[in-house]
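Peer 1: Turn these sequences into a full structure, and let the hints steer you where they fit.
There are 2 protein chains.
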Amino acid sequence: MDFSSKLLEEAVDEMSQLPGIGKRTALRLVLHLLKQPEGQTLNLVSALTKLRSEIKLCKKCFNISDTELCDICANPAREASLVCIVEDIRDVMAIENTGQYRGQYHVLGGKISPIDGIGPSQLNIQPLVDKVKKGEIKEIIFALSSTMEGDTTNFYIFRQLEGTGVKTSTIARGISVGDELEYADEVTLGRSIANRVPFENSLKA
Amino acid sequence: MDFSSKLLEEAVDEMSQLPGIGKRTALRLVLHLLKQPEGQTLNLVSALTKLRSEIKLCKKCFNISDTELCDICANPAREASLVCIVEDIRDVMAIENTGQYRGQYHVLGGKISPIDGIGPSQLNIQPLVDKVKKGEIKEIIFALSSTMEGDTTNFYIFRQLEGTGVKTSTIARGISVGDELEYADEVTLGRSIANRVPFENSLKA
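Protein sequences, first through last, are from chains A and B.
Residue 4 is where the first sequence starts when you use the working numbering, and the numbers rise one by one after that.
Residue 4 is where the second sequence starts when you use the working numbering, and the numbers rise one by one after that.
Keep in mind the hints are simulated off the structure, nothing from the lab.
There's no promise every hint is true.
Stated by the list, open to error - Covered, in the sense of this in silico footprint (three residues per stretch, anywhere, with C-beta under 8 Å from a C-beta of chain A), are these stretches of chain B: (1) 4-15; (2) 20-29; (3) 32-42; (4) 94-105; (5) 146-159; (6) 185-195.
Said to hold, decoys possible - Restraint ranges, calculated between C-beta atoms of paired labels, are given here: (7) B:P123 <-> A:G181: 49 to 59 Å; (8) B:D74 <-> A:P22: 28 to 38 Å; (9) A:E185 <-> B:T155: 45 to 55 Å; (10) B:E189 <-> A:K53: 27 to 37 Å; (11) A:G120 <-> B:D74: 34 to 44 Å.
Cβ coordinates follow ideal geometry from the N, Cα and C atoms, glycine included.
Peer 2: Shown next, in the form of structure tokens:
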């Protein structure tokens, strides 16, 4: 693209560094900002600057937080002995939205993925192992996505925790509530049969 | 969405003000920025700030420019008596990319659209009429999109220019080069027949 303005070109270049934003979309976004009152750009800029400079990770669960200890870890009503292992804050938000989970979280910050150069040492795995060894945790729930990377990470952590006596479980995989069996994929359907639950349990939810 | 961090929430809120960016996409973009080195956020922020505070509109054609007079208007090789009327800088870039146009532009900054509260006075129409009345322009090419708003704007400008003796034309509408007739819409095909050109002309392009 041939811009008539260096300033415009730089803004478009930076905007198009964001994932899923190509040059054309970036140009549309930047031109939109130029058409809006200056305040909108200033608000965006200040929110991003503040976020980048002031954001913290909770020292206990590594979730994104404004404080040393996040709201969930600081809440005495949450069971500290039950910890759900997730990839990032989006998973925390998804589980919180169900309103069904009363334990705490441990945010790994990613999954083991040799292709992307992410090994166990880049993730928050050691702090989790330390917490378990201190005996603070009774049960761990694995809630990573069921991809190869997710399974690898689950298994790596599971091996690290061997001998600690902590109880481990993984969230149930099965047919979505309301889904038709005929459209379900075989792996999911197979797992939902293998991991069938007593009928009485299904009456509770 | 329920965020664990006010800073994160504000950044997502501001990001989701951009057109076509919902809350979920905004969260993905903001989390991406958090994972990248701080420099990327700082570069984006400084590019946007500089753009918003330093950008100018060319005083002659109202195109976005870093200087008082844009490169096209300042270029003595471009015919100043031929002016193409476009909506915004994206149209200028599209026409420039063809490498076929040697005249100058006049950027309106939008189209007349009563629904969006945009009337003729919010667009750069009067400066165009003034330029024409000063006798600087011999021919005007209308290149707005062929929507109702585009046609209205064309017609409004056309009426404003009545009596000035300036020649007006509009870019040709027709079947795209390489397109099959059977898939063309009726309006376009109809126009391409009504506005047929001498066969010799088609040999030049």
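Peer 1: E185 of chain A and T155 of chain B, beta-carbon distance inside 45 to 55 Å?
Peer 2: Holds, since E185 of chain A and T155 of chain B (Cβ atoms, about 52 Å apart) stay within the stated range.
Peer 1: With a Cβ-Cβ cutoff of 8 Å, does the segment 20-29 of chain B contain at least three residues near chain A?
Peer 2: holds (count 6)
Peer 1: Closer than 8 Å, Cβ to Cβ, for at least three residues: run that test on the segment 146-159 of chain B against chain A and report holds or violated.
Peer 2: violated (count 0)
Peer 1: Does the Cβ distance between P123 of chain B and G181 of chain A fall inside 49 to 59 Å?
Peer 2: holds (53 Å)
Peer 1: Count the residues of the segment 32-42 of chain B whose CB lies closer than 8 Å to any CB of chain A, then report whether that count reaches three.
Peer 2: holds (count 7)
Peer 1: Count the residues of the segment 4-15 of chain B with a beta-carbon closer than 8 Å to any beta-carbon of chain A: does the count reach three?
Peer 2: holds (count 10)
Peer 1: Assuming the hint says 27 to 37 Å, is it satisfied by the Cβ distance from E189 of chain B to K53 of chain A or not?
Peer 2: Violated, since E189 of chain B and K53 of chain A (Cβ atoms, about 55 Å apart) do not stay within the stated range.
Peer 1: Using the C-beta atoms of G120 of chain A and D74 of chain B, is the stated range 34 to 44 Å upheld?
Peer 2: holds (43 Å)
Peer 1: In terms of beta carbon proximity below 8 Å, does the segment 94-105 of chain B have 3 or more residues touching chain A?
Peer 2: holds (count 4)
Peer 1: Does the beta carbon distance between D74 of chain B and P22 of chain A stay inside 28 to 38 Å, or does it fall outside?
Peer 2: Distance hint for D74 of chain B, P22 of chain A holds at roughly 32 Å.
Peer 1: With a Cβ-Cβ cutoff of 8 Å, does the segment 185-195 of chain B contain at least three residues near chain A?
Peer 2: Since 0 is below three, the answer is violated.
Of the hints listed earlier, those the structure fails to meet are numbers 5, 6, 10, in rising order.
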